[in-house]
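*Asks:* Assemble chain E onto chain C, guided by the hints.
The listed protein sequences correspond, in order, to chains C and E. Residue numbering for the first sequence follows full-length UniProt numbering, beginning at 1 and increasing consecutively. Residue numbering for the second sequence follows full-length UniProt numbering, beginning at 1 and increasing consecutively.
Careful: at least some of the hints might be erroneous.
What the hints assert, rightly or not - Covered stretches of chain E, going by a simulated chain C footprint (3 or more residues, C-beta under 8 Å):
hint, stretch
1, 22–31
2, 34–47
3, 119–126
4, 226–237
Hints listed in this document are in silico derivations from the structure and should not be mistaken for laboratory results. Note that the coordinates shown come from a computational prediction; the quantities given were computed from them, not determined experimentally. We put the CB at the ideal spot given by N, CA and C, even for glycine.
Each chain, letter by letter, is given below.
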Amino acid sequence: MKSLTKFMDSFGAILLAIIWISPLLFAFWAATHSTSDAVNLNVFSPWTLDNFRVAWAGAPWLKYFINTFMLVTVILIGQFFLTTLAGFAFAQLQFPGKDFVFILVLMQLFILPEVLIVENYAMISRLGLFDTILGVGMPYMASAFGIFLMRQAFKGVPIELHEAARIEGCGLLGILWRVYVPLAKPTYLAYALVSVSTHWNNFLWPLIVTNSPETRPLTVGLSIFGAPENGVDISVISAATLMSVAPLLIAFLIFQRQFVQAFLRAGIK
Amino acid sequence: MSAHANLERRRQAIYGWLLLSPAAVLLTLFAFYPSVATLWSSLFSRGTRRKPTEFVGTENYAELFADPTFWIVVKNNLLYAGITIPVSIFIALSMALWANGKIRARGFVRTAYFTPTVLPMIAAANLWLFFYTPGLGVLDQIGSLFGLPSVNWLGQPETALWAIIIVTIWKEAGFFMIFYLAALQTIPADLKEAADIEGASRWTYTRRIVLPLLMPTTLFIAVNAMINSVKLIDHLFILTKGGPSDASKLILYYIYEMAFAFFDAPSAAAMTMMVIGVLGIVAAVQFLYLDKRTHYQ
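Next comes chain C alone, as it looks inside the complex (with noise of 0.2 Å):
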């Protein structure tokens, strides 16, 4: 009976698992072979690589890799700079205001940039930053979300070696750089992971202020590529996809730990 249930449980959870992927390895399959093979799911059809040949003729594809890690290296750059200041100040300083001003800060984790696209467009507009990286990046940078997480992070680091430093002769800046930045090393990884597969992955708002595909992001691009109105087949489609995520899959598949454990700490602090 027991070695029963234990079956059952092996055999459900992988069920359940392989159904999950299937998606993917529809699109591995369909990629490898030609469409008319892949849509009669002709298991002893000869593979072949044509259909990314196809698909990165099709589109600026290196551009929109270009743009996309351009991307998310000029929000986490400014996501690192502005949330350690704030989280620090919040953390560690004493200064009237600073209870309403974090309620405010806090407001903002629930009022999500998505739902500001009007207005943030106009916004970006104005900036003169329309059809610009640093325009698709500038709204996520001042993350309500980020500046909570280095709070915690800074909060956790012992007042000893903050006192100690400031005996030694060290300047508040100093301090900030030389102890808490580095205490705070696991808080950054973990940040950087989930900033950077949020933003790789990003759609609408990228999709709203770019125009060319001089800025255009992977996502973007993407979505153009297979738009039904370019008649692209869905060999082609599964094999631009697969290309478009597999940096980051790949990475995902090696350093899955890391990533786990990185949307952990975010999402639980």
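*Replies:* Same frame as chain C, now just chain E:
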């Protein structure tokens, strides 16, 4: 001494505001000002060349309430939330219980569950397109093995929204699983031993001990799932574009259409305000009510 303390306090205040200012400027530009501006523009009429914008009070809201499409979209979004939230929580919990148990191929199982989380919604939609396409799609192929007729899953009003819902659940369940997994690992092993000694069945143990201990995690996940039911709309752009005849249109997609396809900014603003209102209520409930109960870990 008091002069010294005073100096220190002033120094901290100056530093505090200086360190905060870069973030404050950006938050003002991209969160606070836009929120106020949205409220403001929702109270004015849509300007045309002949008629400049003028203050109309709540007229935009009244117009929206009279718009049948708006109600279809609200109904769709309620169904979207009403299905995706409980179902993805249930699946996430099952996944976690399995992935935490002693089963075969555990590493593979965990990876398979979590993988959709790292894919962009746009890519996920492309993958699912291969399932849903009538005639050629995997679902139709499987159906035809059993002699079922071809179904246009994305092209008919009865199924389009459900097709969208399935993709969303697929995308978020694995993400929620990891929070359950982490919580499960904090449950002490002696509780299980005690339950075994008492002769409690596995079902009793799960229902009476595991589920109550997971309650804070469930609430955390529920709030996230609620936010996702507003936010996750990217796949609409690939799969249905809100159609057919608005059957799968969700609020955020409608806002996007209003603003960037119909150029009706006041209506978009009015709708945005309502979404902010709902999110604000979710936030308030979480801060005031849930936080008290979830912080006993």
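*Asks:* If a hint holds in the structure, say so; if it doesn't, say that too.
*Replies:* Verification of the hints:
1. 22–31: Coverage by chain C holds for the stretch 22–31 of chain E (9 residues, Cβ < 8 Å).
2. 34–47: Per the Cβ count (5), the hint holds.
3. 119–126: holds (count 7)
4. 226–237: Our answer is that it holds, as 6 residues pass the Cβ test (under 8 Å) against chain C, meeting three.
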